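Q: Listed below, chain by chain, are the residues.
There are 2 protein chains.
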Amino acid sequence: MSKRVAYLGPAGTFTEQATLKYAADAQLLPFASITAVAAAVGAEVAEEGVVPIENSLQGSVTETLDLLIHGPPIFIRHELALPIEHYLMGKPGVEVEKVQVIYSHPQALAQCRSFLERCFPKAQMVAALSTTGAVEQMQQSPTPAAAIAPLRAAELYGAEVLARHIQDNPNNVTRFVVLGHSDHNPTGGDKTSICFSFAEDRPGLLYAVMGEFARRNINLTKVESRPTRQVLGEYIFLVDLEGHREDTTVRDALEQVRGMTSMFKVLGSYPRMRTNPHPKG
Amino acid sequence: MSKRVAYLGPAGTFTEQATLKYAADAQLLPFASITAVAAAVGAEVAEEGVVPIENSLQGSVTETLDLLIHGPPIFIRHELALPIEHYLMGKPGVEVEKVQVIYSHPQALAQCRSFLERCFPKAQMVAALSTTGAVEQMQQSPTPAAAIAPLRAAELYGAEVLARHIQDNPNNVTRFVVLGHSDHNPTGGDKTSICFSFAEDRPGLLYAVMGEFARRNINLTKVESRPTRQVLGEYIFLVDLEGHREDTTVRDALEQVRGMTSMFKVLGSYPRMRTNPHPKG
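Chains as they are written, first to last, in our numbering: chain V, 1359 to 1639; chain S, 1359 to 1639.
The set of hints was computed from the structure by calculation and includes no laboratory data.
Incorrect hints may appear among the rest.
As the list makes no split between identical chains, a pair holds if one copy fits it or if it spans any two.
Dumping the calculated EDC-like pairs for lysine to aspartate or glutamate here, alpha-carbon to alpha-carbon at most 20 Å [what the hints assert, rightly or not]: (1) LYS1580 to ASP1424; (2) LYS1480 to ASP1383; (3) LYS1361 to GLU1443; (4) LYS1379 to ASP1526; (5) LYS1580 to GLU1558; (6) LYS1379 to GLU1558.
In this text, all values refer to a predicted model and were calculated from it rather than measured experimentally.
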């Protein structure tokens, strides 16, 4: 039996595309929310779950971060990145110059604003709850309409692609993580995600934690903070670092950090993808 | 003539409440977005603008952070906090036990989920674009309805309060900032917000920056990262620190940091509010 992989659905979204890229042969199970994907993994409805964690324009997906911090024990075991490419699509045979209404998720409409102002200055923009919902609304529209959605939605719904890669900023990439009951074995090119907080608000505590990594030459690839949900101004820090939690130096550093913090959690070690396709000089 | 203060509207929202708390005698001008508030200040339609920057449960308001990072020159000159208290309201004389539909913004509905499940297990929840929009929809509803909104909305719309403080988590506080053409003079109890990034992804750069503050005993009250919007995995750091940019030690530290970073901006120095009303032992 093929592996069951839960993902943030519905079919036709960028998360489905990422899940197909990760595990094309798996049995894909769509869920309505990030929390539901994690619950499906927790209840063993699926062996793994795929959720977005970060976008190059919008930043972190806070629902995923808060789930990793506050949710039931679940681990990151993979990461992968997907370029976010928006397509304009219509019913087969629609005449582009007659399009009066354009449906999409507000975020997709915002990401294609220049294209829309240039090419469809008179069309009405209508918000939909998801990009696939936009395709459905487009198909039911009595007036000539189009929808902005991923290419996969055009395939699934039999829509005709009218324009491709219409997003204003070409640097639009989303990073996804694969969640499971355990993290990944060491591969030699790994990354580890941790989160921690402090019982007291004393100057220099975060600096001292970062020093444990710096003096072992462990590179931090991400430092982020989220609210504790207890008191405004108190934070939980999320740090991504290079190396596997079983590497001797990383293990030593994590042991030190555990002793310096009031809450400490290893969210997982997993193979590190190349995040920078266009490295600077 | 009284001071004109722009705010994220419409009237009846928490940002209006915060603006009234900040400047009760000012002429309040509502704007439809955070970007529009900043533009109003930039164009001198208003002397100051009030926008939310952080919530104790949801975290940072990323639109405000990105505006401060990427937007036109504008400074933080004040901060203030407001407890977020949700009220259930209906048309005057409505019978609570007959309420069939409850309108609100999805975030407000989510923050009152336990109350709604306990007290209105059979009512239908309907999403509105804003809490004041919810009050309008409630007033036009042919079936007995209620709306979840701030107390101020009940006053403005003549609605009757049916239940108070119905949010599930009592630690729900939003921090607002006042934006202007200049920041605040030193008061002796100040805070400074900065942002910066690095041209190269070299281990220890952020640690070195934090060291400049640590060895001068300057407390960092917040460390946060946002995407550069150029390449996935490259970040702009936002740091809040205690002290005014004109204090000798802070000025020295900022000069050092400016030399270590490729982008560096002082977002403003302003009087520090007490963020922790329930200090730990």
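Q: None of the hints should be skipped; say for each whether it holds.
A: These are the hints, each one checked on the structure:
no. : hint               : result
1   : LYS1580 to ASP1424 : both (16 Å within a copy, 18 Å between copies)
2   : LYS1480 to ASP1383 : neither (44 Å within a copy, 42 Å between copies)
3   : LYS1361 to GLU1443 : neither (28 Å within a copy, 46 Å between copies)
4   : LYS1379 to ASP1526 : neither (25 Å within a copy, 39 Å between copies)
5   : LYS1580 to GLU1558 : between (23 Å within a copy, 14 Å between copies)
6   : LYS1379 to GLU1558 : neither (44 Å within a copy, 30 Å between copies)
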